[in-house]
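If you're matching them up, the sequences are chains A and B in order. Quick note, in my numbering, the first sequence goes up one by one and the last residue is 321. Quick note, in my numbering, the second sequence goes up one by one and the last residue is 321.
One or more hints might be untrue.
Since the list gives no way to pick one copy over another, a pair counts as held whenever it fits inside one copy or between any two copies.
[Said to hold, decoys possible] In the DMTMM-like style, the derived pairs of lysine to aspartate or glutamate whose C-alpha atoms are separated by at most 20 Å in a straight line are: (1) K297 to D142; (2) K83 to E203; (3) K173 to E139; (4) K173 to D142; (5) K69 to D312; (6) K69 to E321; (7) K69 to E262; (8) K288 to E259; (9) K14 to D107; (10) K69 to E259.
Simulated from the structure, these hints should not be mistaken for lab results. In this text the structure is predicted, and so the values were computed from the model without any measurement.
Number of protein chains: 2
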Amino acid sequence: MNTALAQAYYAQKEGKTVLVTETGAGQWGSALSYAAGMVGVTAFVFWVRAVYNWKPDRKVLMQMYGAKVNASPSPLTTSGRKLLERNPSDPGSLGIAVSEGLEYTDGSSERVYCLGSVLNHVMLHQSVIGLEAIRQFELADDSPDLIVGSVGGGSNFGGIALPFVGEVLAGKRHCEFLAAQSESSPNLIKGEYKYDFADHAEQSPLLMTYTLGHQTMMPPIRADGLRYHAAGPIISALRHSGHIRAVAYPIDEVAVFEAAEIFLQSEGWLIAPESAHAVRAAIDEAKRSEAKGEEKCILMNISGHGFLDIDAYRTVLRIE
Amino acid sequence: MNTALAQAYYAQKEGKTVLVTETGAGQWGSALSYAAGMVGVTAFVFWVRAVYNWKPDRKVLMQMYGAKVNASPSPLTTSGRKLLERNPSDPGSLGIAVSEGLEYTDGSSERVYCLGSVLNHVMLHQSVIGLEAIRQFELADDSPDLIVGSVGGGSNFGGIALPFVGEVLAGKRHCEFLAAQSESSPNLIKGEYKYDFADHAEQSPLLMTYTLGHQTMMPPIRADGLRYHAAGPIISALRHSGHIRAVAYPIDEVAVFEAAEIFLQSEGWLIAPESAHAVRAAIDEAKRSEAKGEEKCILMNISGHGFLDIDAYRTVLRIE
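Just chain A, with the same shape it has in the complex (with noise of 0.2 Å):
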């Protein structure tokens, strides 16, 4: 919610009247959905085709906050209906879906376009999150010894981290920082630092990333937050500059969501499966800590709840 609401508010007082958006496993989708409703505008969403499929649920949470809810490609758009033309079962994917919301929003002066991650801006909103944990470790006395957190585009990531960057760059703090990807879309380990496109049909302006090239197919996964070919600009730098370590987790997901049932069992609530790769990188460096007799404080970031991903988990974890 935090760039939802920001991006909602600006959008809105510059006369927007439809905030037009990609989402992939929805929680971003909703969370503008939210917050267009807050200002009193409307939410016009371009969801990856195979997760709108597979998350009746969530659609209509989208709906009862006030959104129109397209499976992407669409029929809306050239470039949907190019991909439709060679494959009308085409499963869609982020880029994808920020191409046709780029075209979609040309349309009209009334639509502007809200990207819900991978840009500077998102960033910023984000770091709301890091600021606040940064408080919160005052008020503990304490200090963390490595930041994890999930990566797609990065903002989550880079929510939490980038505050205490500043400060670990500023040579106030030491602080790691691990993120955790998914091997469907490893781009902070596969991928190639260069210009690319954030998006499938290449309408949008050329930023410097980790990319696995803007047209790659990648296998889909039940996190499909984190199928995205690049990481942002400002992740990709600190990737680059050895700030940032990274691991992935199979595409089966089975370790992952392993990791998101012990969190339930403890917590007693259940994470997004974007979130739950987090959670395993946090579990396995805890786990390789406690081995080597060490004492190591670990933040990690989760963010959006399971409940609407819980047919994912029945599968991947084969619950009868």
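Starting from the known structure of chain A, fit chain B onto it as the hints suggest.
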């Protein structure tokens, strides 16, 4: 969780390894499943069959907590088998699920029955809600004129209301109390004040309650947690003494689900259908006060989220 944790804790201390219970909507079953896991024992849940069938995701959630979940009536008990012989697709009820649970508990000294509402110790554990609310109002330097909660057995309502009731009875506070019910089971409105069983098969002790009759058929609703024939003894006594007003909403649930939609759009999250009854009543009361030009501070109690009830919202609100 307030009474789930307390009941699980004491059961484990007494050497029990299986916590047997009933559940209607599934919220209580989920809470006890989590609490059981936290103290290292197992929950064994008899779940009203109609709801078991329409909420497969909540079943998976209870299983992820470590629980064993059965549709009720079940073939595991004499009372269940008797009902299934008569009607193999008997939709069940909370009263039937309690009967099966009590019978199943009798089968082993390892087992103990944990009831989720009605009884005095449940109200006691839940009263932490009202105690905290009193502290919060002190911090806000305010005081509620009206407290609203939904009532099936009465634990949710009792939890928030009883600490305030104590102060009202002691002459320390003025405050009204309103119970929001479903016309499916308006026990405080159409019930008779008398001794009755808490369960269908007459295995419970007799309780002095407002009751519709322990074998009365009540029309199925989505807010199944409210569909119970009798309000708990303390709530019933306060109704009898004139301290609690009650209102009941139609079984099509349109009015209450619309209230949940209003709440979603303003507060961002989806509440359980049971709690939607309290929100409807609070909105209606607020509108009435507004029309009269009166200021009224209304405190309403919400328990449980509705993210696993979206199919119900979709159906009732006719969302395409």
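Violated hints - listed by number, lowest first: Checked against the structure, no hint fails, so every one of them is satisfied.
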